[in-house]
Amino acid sequence: MSERYQHRQGLIAQFISENRGPLLVTPALAVLVVMNIFPLLWSFGLSFFKYRANRIKEPEFVWFKNYVKVLNDPNVWDRFQTTAMVVSIDVLLQLVVGFLLAMLFEKSFPGRRVLLMLVLTPMMLSFVAVGAFFRYYYEPTFGLLSQAIKAITGETYILLATPEGAIAGIIFADMWMWSPFVMLLVLAGLVSVPKHLYEAAEIDRTSAWRRFWTITFPYIRGLLLLAILFRTIEAFKLFDVVWIITEGGPGTSTETIAIYVYRVAFQYFKTSQSAALGYILLFAVIVLTNLYLFFVRQRAAEEGG
Amino acid sequence: MKLFKKGKLALLAGAMAMAVSGAFGSFALAADVTINMAVPDWPPTRIMQDLANKHYKPKSGNNVTISLDFIPWPNYYEKLAASLTSGEEKYQMAVSDSQWLGAFIEGGYYMKLNKFIDADPELQAIFKDLHPNLVASYSTYPHKTDNFYGFPQMPDVLVTYYRSDLFCDAGEQSAFKAKYGYKLACTPAEMSDTDWDQVRDFGEFFRRSSGDSLAGQTLNDDFYGIAYQAGIGYDFNTMQINGFIWQHGANIWDETKAPTGQALGVVNSPTAVKAFEHYLSLLEFMPPVVKTGTMDIFKTDELFREGKVAWNIQWIGFGESAISAETSKVADGTDFAQMPGLRNDDGSITRWSNIGGQPFVLTTWNSDLVTQESVDFVKWWLSSDTQHMFAAAGGQSGLQSVHTTDAYMDYRPWNHAFGPQLNWQKDVWHIPEFFELLVQQQQTFDKAITGQISAQEALDSIAVFQDELLREAGHIE
Chain V
0 MSERYQHRQG
10 LIAQFISENR
20 GPLLVTPALA
30 VLVVMNIFPL
40 LWSFGLSFFK
50 YRANRIKEPE
60 FVWFKNYVKV
70 LNDPNVWDRF
80 QTTAMVVSID
90 VLLQLVVGFL
100 LAMLFEKSFP
110 GRRVLLMLVL
120 TPMMLSFVAV
130 GAFFRYYYEP
140 TFGLLSQAIK
150 AITGETYILL
160 ATPEGAIAGI
170 IFADMWMWSP
180 FVMLLVLAGL
190 VSVPKHLYEA
200 AEIDRTSAWR
210 RFWTITFPYI
220 RGLLLLAILF
230 RTIEAFKLFD
240 VVWIITEGGP
250 GTSTETIAIY
260 VYRVAFQYFK
270 TSQSAALGYI
280 LLFAVIVLTN
290 LYLFFVRQRA
300 AEEGG
Chain C
0 MKLFKKGKLA
10 LLAGAMAMAV
20 SGAFGSFALA
30 ADVTINMAVP
40 DWPPTRIMQD
50 LANKHYKPKS
60 GNNVTISLDF
70 IPWPNYYEKL
80 AASLTSGEEK
90 YQMAVSDSQW
100 LGAFIEGGYY
110 MKLNKFIDAD
120 PELQAIFKDL
130 HPNLVASYST
140 YPHKTDNFYG
150 FPQMPDVLVT
160 YYRSDLFCDA
170 GEQSAFKAKY
180 GYKLACTPAE
190 MSDTDWDQVR
200 DFGEFFRRSS
210 GDSLAGQTLN
220 DDFYGIAYQA
230 GIGYDFNTMQ
240 INGFIWQHGA
250 NIWDETKAPT
260 GQALGVVNSP
270 TAVKAFEHYL
280 SLLEFMPPVV
290 KTGTMDIFKT
300 DELFREGKVA
310 WNIQWIGFGE
320 SAISAETSKV
330 ADGTDFAQMP
340 GLRNDDGSIT
350 RWSNIGGQPF
360 VLTTWNSDLV
370 TQESVDFVKW
380 WLSSDTQHMF
390 AAAGGQSGLQ
400 SVHTTDAYMD
410 YRPWNHAFGP
420 QLNWQKDVWH
430 IPEFFELLVQ
440 QQQTFDKAIT
450 GQISAQEALD
460 SIAVFQDELL
470 REAGHIE
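Top line first, the protein sequences correspond to chains V and C. Quick note, the first sequence lines up with residues 0 to 304 if you use numbering that gives the first Met the number 0. Quick note, the second sequence lines up with residues 0 to 476 if you use numbering that gives the first Met the number 0.
Hint data in this document are derived by calculation from the structure and do not stem from the laboratory. Be aware that one or more of the hints could be misleading.
As the list claims (entries may be wrong) - In silico DSSO-like links for lysine-lysine, alpha-carbon gap of 30 Å or less:
no.	chain 1	residue 1	chain 2	residue 2
1	V	K236	C	K78
2	C	K78	C	K53
3	C	K256	C	K143
4	C	K89	C	K378
5	C	K378	C	K425
6	C	K111	C	K378
7	C	K178	C	K273
8	V	K49	C	K78
9	V	K106	V	K194
10	C	K78	V	K56
11	C	K127	C	K56
12	C	K143	V	K56
13	C	K111	V	K49
14	C	K58	C	K111
15	V	K56	C	K114
16	V	K56	C	K256
17	C	K328	C	K176
18	C	K111	V	K56
19	C	K143	C	K111
20	C	K425	C	K111
21	C	K378	C	K114
22	C	K78	V	K68
23	V	K149	C	K328
24	C	K56	C	K111
25	C	K256	V	K49
26	V	K49	C	K89
27	C	K89	V	K56
I would like the entire structure built from these sequences, with the hints used as guidance.
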């Protein structure tokens, strides 16, 4: 009995020892398959059927009809345009602000650590908290922005009354939240620049611009591209902040493609059509990611050459 | 003979079983039943839970637990829809907006109630006692047919909330009379006799800037005359605009006339355009947030309770927080009246308004036992005693035998407005495509509210969209 038990224990130990890697990875893979891969494949299959989750009718196979319908929907293109505009301005401003903040925090000064923590706080807040905060911030009757401008001009200021103002309000809120993220990445690049390069440049009396362009920028370029990638993908999915501040208004002027997908899926219950739209959105993000990878490879080739 | 013996044995066994069940009947029949009900989280459902806990004793003798799942209003639809469509079969009952009836009945989630009503004189009596506008809006699908699906849980209507401390102030009264040549409404009866032209004057008259005087006090902030819902979210402009459209004699697309009823030429008729222009014309007297298209019922409620506006149209369901000193800065100076309307030549007022409130429904996966207990709970809820308790705690009753009594009028200061206002209620669409119609309409109305397009352009756009959608869905031929 004891020998058999020991033999069995030995076999188990041997199995574990020989398959340690796969065994460690299996739980993570199982979660990935159940929570990501399976729903992804299921929804991809669903996008070829005519199906609404709130009806009893059996799904009907319709080939690419949902994709054709989605691509011919003027609302989709309108929301893509809105999203593209918000993403481009938003990410550009985040890069500029994040970069300037990083330049500021690269130097040491009294209170730097505390100030750095304060600057990093917005990206740790929930989207709902940021949305609610800015909704009140922009509110013309009670809001801080309107009260501050009124103290100077004597007139109530209503930022969200126009499509342009509403887009600016949303971009500012998102930029406030995510510029610190860009700052963190850039700061990591800045501190990695060897100090002796700056010392040598100083001996050569190179200008500040040339120092930045020839020494600093090559070290942060890769990280800036990474920041662009992360922020573009995230901004493409912009939902919560917009939903809380403007709910897509005035009219549809701030309705992003993510909000439109939500409406199609959970308000109109056009389940398979929303799946098709989701895959088109995924395709757009994949294209952007590949563009990023293209630039990274090009850079690597330049450095290699 | 053998058969006879077998029959005798069976009879004997049956008799023994009956004797046993008779002897221990009280143990055998007392089943444990839990009725999970999805409800929006607000006072009327909190009161229901409280009353059920304290007073509900099932007639069946079963151990019935009424368990309410309180879900915040802003995402109530999505949560309920997700639960119903996921197949989890979590809820045995649900409080549902009447507009969702079509979508969830067609989906097979809400139970048809006709057979229970036909077999139960008590339910028939309840239905006879309910206000017909509530039965039409809350119970029927297709709309205004004899197919019943819901019972009123909390009937709600739009009424006027106003600052009686300002409207009745002697200084304000004389200043208003001097400026407009007629008496400023003060009492609920006077305020109930108000038309939109007077409301415009209220808006203009009570607009004050920081430093101005209001009822003898110097203001340290801007103050506004009037407010009503004009928000892009959910149905927060449609509910008010529909009232204007019906009062002017125009119409929304009428689902009871399907498939011949049209959207084109009806939704954008000249009268409808005039009605919408009328709605838009009053926005200039409202707090500036209206220009952002986000002035929903929660914002108007906040503005009123914060003392920023003199007069507001709001659902009765918000009344408790307006008169509680814990939640309202104007609790002592608030009174209520019927919603205004268009004055006719004979002096009467046409007051059509969009109904609010909710029915509760039973779900289709319930067992016979759960269904019977749910129906019994509904009968208890819609009994006169319970409805009086509900009203005394701040709810509303759709039973005419309850809401017309003197006692009912004394429960809350807005109750005098409820009954008369019920006679002027209509409802928005109930068809499964409701949300698509609503979202496009909300966004297009919002464009007009924020000054991007005219009333004519907005209604033309809505009419074209509805015509296409309703034709595709087979509601218009």
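Right, here's what the structure says about each hint:
Between K236(V) and K78(C) the alpha-carbon distance is near 21 Å, which keeps this suggested pair within the 30 Å criterion. Between the alpha carbons of K78(C) and K53(C) the distance comes to roughly 28 Å, so the proposed pair stays at or under 30 Å and holds. For the suggested pair K256(C) and K143(C), the alpha carbons sit about 11 Å apart, so the restraint of at most 30 Å is met. Between K89(C) and K378(C) the alpha-carbon distance is near 22 Å, which keeps this suggested pair within the 30 Å criterion.
This hinted pair checks out: K378(C) and K425(C) have alpha carbons roughly 25 Å apart, not beyond 30 Å. Straight-line distance between C-alpha atoms of K111(C) and K378(C) comes to about 16 Å, which keeps the hinted pair within the 30 Å bound. For a cut-off of 30 Å, the pair hint linking K178(C) to K273(C) stands: about 27 Å separates their Cα positions. Pair hint K49(V) plus K78(C) holds up; C-alpha atoms about 23 Å apart against a cutoff of 30 Å.
Taking the CA atoms of K106(V) and K194(V), the gap is near 13 Å; set against the 30 Å cutoff, the hint holds. Restraint check for K78(C) and K56(V): satisfied, since their Cα atoms lie roughly 22 Å apart, inside the 30 Å limit. Restraint check for K127(C) and K56(C): satisfied, since their Cα atoms lie roughly 25 Å apart, inside the 30 Å limit. As the CA atoms of K143(C) and K56(V) are separated by approximately 25 Å, the hinted pair is consistent with the 30 Å bound.
Distance restraint check for K111(C) and K49(V): the Cα-Cα separation of roughly 27 Å lies within the 30 Å cut-off, and the hinted pair is therefore satisfied. Distance hint between K58(C) and K111(C) is fulfilled; the C-alpha atoms sit about 23 Å from each other, no more than 30 Å. With a CA separation close to 25 Å, the supplied pair K56(V) and K114(C) stays within the 30 Å bound. Between K56(V) and K256(C) the alpha-carbon distance is near 26 Å, which keeps this suggested pair within the 30 Å criterion.
With a CA separation close to 27 Å, the supplied pair K328(C) and K176(C) stays within the 30 Å bound. Only pairs whose Cα atoms come within 30 Å are accepted, and K111(C) paired with K56(V) is accepted, the gap being roughly 19 Å. Only pairs whose Cα atoms come within 30 Å are accepted, and K143(C) paired with K111(C) is accepted, the gap being roughly 15 Å. As the CA atoms of K425(C) and K111(C) are separated by approximately 22 Å, the hinted pair is consistent with the 30 Å bound.
A distance of roughly 15 Å separates the Cα atoms of K378(C) and K114(C); the hinted pair therefore holds under the 30 Å criterion. Between K78(C) and K68(V), the direct Cα distance comes to roughly 28 Å. Compliance with the 30 Å bound is thereby established for this hinted pair. In summary, the hint linking K149(V) to K328(C) is supported, as the alpha carbons are separated by about 24 Å, within the 30 Å threshold. Of the supplied pair hints, the one linking K56(C) and K111(C) holds, its CA atoms being roughly 25 Å apart against a limit of 30 Å.
As the CA atoms of K256(C) and K49(V) are separated by approximately 29 Å, the hinted pair is consistent with the 30 Å bound. For a cut-off of 30 Å, the pair hint linking K49(V) to K89(C) stands: about 27 Å separates their Cα positions. Distance check on the hinted pair: K89(C) and K56(V) sit about 21 Å apart at the alpha-carbon level, within 30 Å; holds.
When the structure is compared with the earlier hints, no violation turns up for any of them.
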